[in-house]
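S.K.: Model the full structure from these sequences, guided by the hints.
Protein chains: 2
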Amino acid sequence: MDTSKEKILIIGAGLCGSLLALRLAQRGYQIELREERSDLRKTDISAGKSINLAFSDRGIKALKLAGVVDKVFPLCIPMNGRMIHSIEGETFLSSYSGRPGEYINSVSRGELNALLLDEVEKFENVNIVFNSPCTGIELEQNKATFKVDDTIEGFHANVIFGADGVGSVLRKEFFNQREMLFSYSQDFLAHGYKELTIPALDTGGFRTEKKALHIWPRGKYMLIALPNLDGSFTVTLFLEHSGAKYSFEELNSKEKVVSFFREQFADALELMPNLVDDYFENPVGNLGTIKCRPWVYKGKSLLIGDAAHAVVPFYGQGMNASFEDVYVLDGYIEKYEGDWDKVFTAYENERKKDADAIGDLAVENFYEMRDHVANPDFKKKRQIEMELETSFDYYSKYSLVTFREDISYSEAKKKGNYQDKVLLELIVNSEIEKLDLATIFNKIKHDA
Amino acid sequence: MDTSKEKILIIGAGLCGSLLALRLAQRGYQIELREERSDLRKTDISAGKSINLAFSDRGIKALKLAGVVDKVFPLCIPMNGRMIHSIEGETFLSSYSGRPGEYINSVSRGELNALLLDEVEKFENVNIVFNSPCTGIELEQNKATFKVDDTIEGFHANVIFGADGVGSVLRKEFFNQREMLFSYSQDFLAHGYKELTIPALDTGGFRTEKKALHIWPRGKYMLIALPNLDGSFTVTLFLEHSGAKYSFEELNSKEKVVSFFREQFADALELMPNLVDDYFENPVGNLGTIKCRPWVYKGKSLLIGDAAHAVVPFYGQGMNASFEDVYVLDGYIEKYEGDWDKVFTAYENERKKDADAIGDLAVENFYEMRDHVANPDFKKKRQIEMELETSFDYYSKYSLVTFREDISYSEAKKKGNYQDKVLLELIVNSEIEKLDLATIFNKIKHDA
Numbered sequence: 001m002d003t004s005k006e007k008i009l010i011i012g013a014g015l016c017g018s019l020l021a022l023r024l025a026q027r028g029y030q031i032e033l034r035e036e037r038s039d040l041r042k043t044d045i046s047a048g049k050s051i052n053l054a055f056s057d058r059g060i061k062a063l064k065l066a067g068v069v070d071k072v073f074p075l076c077i078p079m080n081g082r083m084i085h086s087i088e089g090e091t092f093l094s095s096y097s098g099r100p101g102e103y104i105n106s107v108s109r110g111e112l113n114a115l116l117l118d119e120v121e122k123f124e125n126v127n128i129v130f131n132s133p134c135t136g137i138e139l140e141q142n143k144a145t146f147k148v149d150d151t152i153e154g155f156h157a158n159v160i161f162g163a164d165g166v167g168s169v170l171r172k173e174f175f176n177q178r179e180m181l182f183s184y185s186q187d188f189l190a191h192g193y194k195e196l197t198i199p200a201l202d203t204g205g206f207r208t209e210k211k212a213l214h215i216w217p218r219g220k221y222m223l224i225a226l227p228n229l230d231g232s233f234t235v236t237l238f239l240e241h242s243g244a245k246y247s248f249e250e251l252n253s254k255e256k257v258v259s260f261f262r263e264q265f266a267d268a269l270e271l272m273p274n275l276v277d278d279y280f281e282n283p284v285g286n287l288g289t290i291k292c293r294p295w296v297y298k299g300k301s302l303l304i305g306d307a308a309h310a311v312v313p314f315y316g317q318g319m320n321a322s323f324e325d326v327y328v329l330d331g332y333i334e335k336y337e338g339d340w341d342k343v344f345t346a347y348e349n350e351r352k353k354d355a356d357a358i359g360d361l362a363v364e365n366f367y368e369m370r371d372h373v374a375n376p377d378f379k380k381k382r383q384i385e386m387e388l389e390t391s392f393d394y395y396s397k398y399s400l401v402t403f404r405e406d407i408s409y410s411e412a413k414k415k416g417n418y419q420d421k422v423l424l425e426l427i428v429n430s431e432i433e434k435l436d437l438a439t440i441f442n443k444i445k446h447d448a
Numbered sequence: 001m002d003t004s005k006e007k008i009l010i011i012g013a014g015l016c017g018s019l020l021a022l023r024l025a026q027r028g029y030q031i032e033l034r035e036e037r038s039d040l041r042k043t044d045i046s047a048g049k050s051i052n053l054a055f056s057d058r059g060i061k062a063l064k065l066a067g068v069v070d071k072v073f074p075l076c077i078p079m080n081g082r083m084i085h086s087i088e089g090e091t092f093l094s095s096y097s098g099r100p101g102e103y104i105n106s107v108s109r110g111e112l113n114a115l116l117l118d119e120v121e122k123f124e125n126v127n128i129v130f131n132s133p134c135t136g137i138e139l140e141q142n143k144a145t146f147k148v149d150d151t152i153e154g155f156h157a158n159v160i161f162g163a164d165g166v167g168s169v170l171r172k173e174f175f176n177q178r179e180m181l182f183s184y185s186q187d188f189l190a191h192g193y194k195e196l197t198i199p200a201l202d203t204g205g206f207r208t209e210k211k212a213l214h215i216w217p218r219g220k221y222m223l224i225a226l227p228n229l230d231g232s233f234t235v236t237l238f239l240e241h242s243g244a245k246y247s248f249e250e251l252n253s254k255e256k257v258v259s260f261f262r263e264q265f266a267d268a269l270e271l272m273p274n275l276v277d278d279y280f281e282n283p284v285g286n287l288g289t290i291k292c293r294p295w296v297y298k299g300k301s302l303l304i305g306d307a308a309h310a311v312v313p314f315y316g317q318g319m320n321a322s323f324e325d326v327y328v329l330d331g332y333i334e335k336y337e338g339d340w341d342k343v344f345t346a347y348e349n350e351r352k353k354d355a356d357a358i359g360d361l362a363v364e365n366f367y368e369m370r371d372h373v374a375n376p377d378f379k380k381k382r383q384i385e386m387e388l389e390t391s392f393d394y395y396s397k398y399s400l401v402t403f404r405e406d407i408s409y410s411e412a413k414k415k416g417n418y419q420d421k422v423l424l425e426l427i428v429n430s431e432i433e434k435l436d437l438a439t440i441f442n443k444i445k446h447d448a
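Order-wise, the sequence lines are chains A and B. For what it's worth, UniProt numbering labels the leading residue of the first sequence as 1, then goes sequentially. For what it's worth, UniProt numbering labels the leading residue of the second sequence as 1, then goes sequentially.
Since the hints were derived computationally from the structure, they do not count as laboratory data. Misleading hints may appear alongside valid ones.
One copy or two, either will do: identical chains are not told apart, so a pair holds if it fits within one copy or between any two.
To be verified - Simulated crosslink set (DSSO-like; lysine-lysine; CA at most 30 angstroms straight-line):
1. K122 with K7
2. K298 with K245
3. K220 with K298
4. K5 with K172
5. K143 with K380
6. K245 with K352
7. K335 with K61
8. K353 with K291
9. K194 with K298
M.R.: Take a look at the structure:
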């Protein structure tokens, strides 16, 4: 079919919207890409909100499809495992996998987004408009209105994609459409987050191990740090909003913040000369999971990425899931091109259960990172899994989710939870010592 | 404390808001009761929407507390069980309990609401305003605005109750308040409902058994009927909205409707001379479950009844749950009067899990009513449970939910599901025949 005749509107030029625009431009569609914020390549708008992300195999698969992955790798810092910092300041590295070559990458959200926009702009069949918030959508007519300067303009498209993130305007239209029977849930953790910094050394070097995701797990609260190319680390503090001895509400003075860090994160405090300024300048973010259904309105519009399934950041999969959305969608466009109704229905049928799965996995991993990574049984389990991954065709739950882009999130969840359950039972019941590795491998194998 | 000094605003004069107003008026508070619709005692506004309801022990407990239950019983028609109608037109009665005196009551929503409003009006410390929709609430200031004729007026209160049902304005304010971390879910069944009628005989008599809740279970669809005092039955058809062989979308002509009823509900069709008119005049309703949290804003406002927890109608507990809300709340007012923050927090802590439980139970019972009531294993189970209830201190799940107002919904759910699981296993594995009743009773006893 002649795709150049079809006008596609994509709302949101973030990571998901940009990759989607790129892929559909490659397929020859006429693309209108609208973004409410200004062009991030011209102004710095990150301002203390998740400025680096973990980029891994599902995301790589999607960027490969769009032919841009080789340009992304130079922006990445490989992280081979979790560097756990105990309260006494001791550290140990817990590898992400027992196999070499299985690692995740720290990448700057802004740089990656800029790269995708640069690629999109190379296509003549794409029109990008920044500073143009969507003010409403008429679902039946496939018409959206946008603010541009002080006027409102309408835009009609054959198909509309809502890639407009957590606060999606398209999702709100679905929500308000009684006839859609729109099932929707939003769930917040009692914890919020705040971004802080470990600055680079004056020489440009890193103040602590570069090739790791650092974690200070403390039960009720947690600090993490991911490396940036410039030698700095972006640090995130996870803490209850209120109602606890230590909470964002309670930590309201310089003295309280410093004393909290001295008590809980002494080794990190030494690396954070700007802690107090960062703490009081940066906002507290919420941690929410959004699930909804349907994602589709009659083959006319589709929710994609965070707009369809916002997840908490604890599996490092938010961006990867959104990129994989584009990959899965592209497969159905290949199959049913010309029939958006079929494309969207098939996409939702496959993808909904996987989006639900990664949403659940991310919440579960919050508790794992916060509580378990420093727990002896958990350490024992990681050690055995590492040996299994080295010697057998075994993948831990983390590896299944992160490195097995050929397996869906929902399968990875099912298989991974089964393995975890059996393995932890063997450890807790002290049976593990009596078994050789091959026996353990056979015991925990999950035959789907 | 001197409660007469405290101004209480209740939004919504439906069943829950009216009972709440009555109880708080009895406690001496200054009550402002606002209702968006007109006074149902002066105009008929039911128009084909759930005009009779099942009134049972939890509701009775709450109306007893308010001292009005004796005025309600004359409005009730006891229903001793489910009268199941097979596709061949055969009927059998499945009692709700093996104990005499355990039955549910069919009552007109309008008449019960009118009675409660009459009782509320007897109090000088209550001001009721009809035709006054709430247009917004400032949570921090505890100020609500209402439309009255063509003007907007503000009302300030010490405490605001949102008893304004599924479309609650207070709940929408909570939803839009980012700082509240408002967790929310709405879930719709693929089925909708439409109300129909079996009219009274010209003599005023009933065309079929009066003292039963009639069910025509057909797997994918279901018809039910509840008796009214005037000899008629209110009939409800549950059917998928669209996408099935028989759906509200498909049944769009007189011929199709009549032929569907002739095929599936032949004995009902004979009793429904106005079927076609009813079908095309009455709207299709949605069946949704709403859960949310928190219900409370800082001891200033509280969601109650359907506004906090809308449930599908399949356990006949929607009204009873809302009445029980008032009962539970009243207990904490008694305990902590003067400290609304404590009252609301304690109330939510106790009640949230029970509201979740009845929401889940109601959805589960949809599948039970639709599919299982005519199934041989299910019939066998009901028969054994009937015998157990006759001879032992045993309560089926249905009885625990419906007749044990001293047990919370969440406990009833846990205990009931355990019993059902064990009993059904004994039946499916054909072990049940080898056991005497006392042994069965001991096997399925759930010690919480």
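S.K.: Compare the structure with each hint and give your call.
M.R.: Here's how the hints hold up against the structure:
| no. | hint | verdict |
| --- | --- | --- |
| 1 | K122 with K7 | within (18 angstroms within a copy, 65 angstroms between copies) |
| 2 | K298 with K245 | between (50 angstroms within a copy, 20 angstroms between copies) |
| 3 | K220 with K298 | between (45 angstroms within a copy, 24 angstroms between copies) |
| 4 | K5 with K172 | within (29 angstroms within a copy, 42 angstroms between copies) |
| 5 | K143 with K380 | neither (57 angstroms within a copy, 57 angstroms between copies) |
| 6 | K245 with K352 | between (39 angstroms within a copy, 25 angstroms between copies) |
| 7 | K335 with K61 | within (19 angstroms within a copy, 61 angstroms between copies) |
| 8 | K353 with K291 | both (10 angstroms within a copy, 21 angstroms between copies) |
| 9 | K194 with K298 | between (40 angstroms within a copy, 25 angstroms between copies) |
The structure fails to meet hint 5 from the earlier list, while all remaining hints are met.
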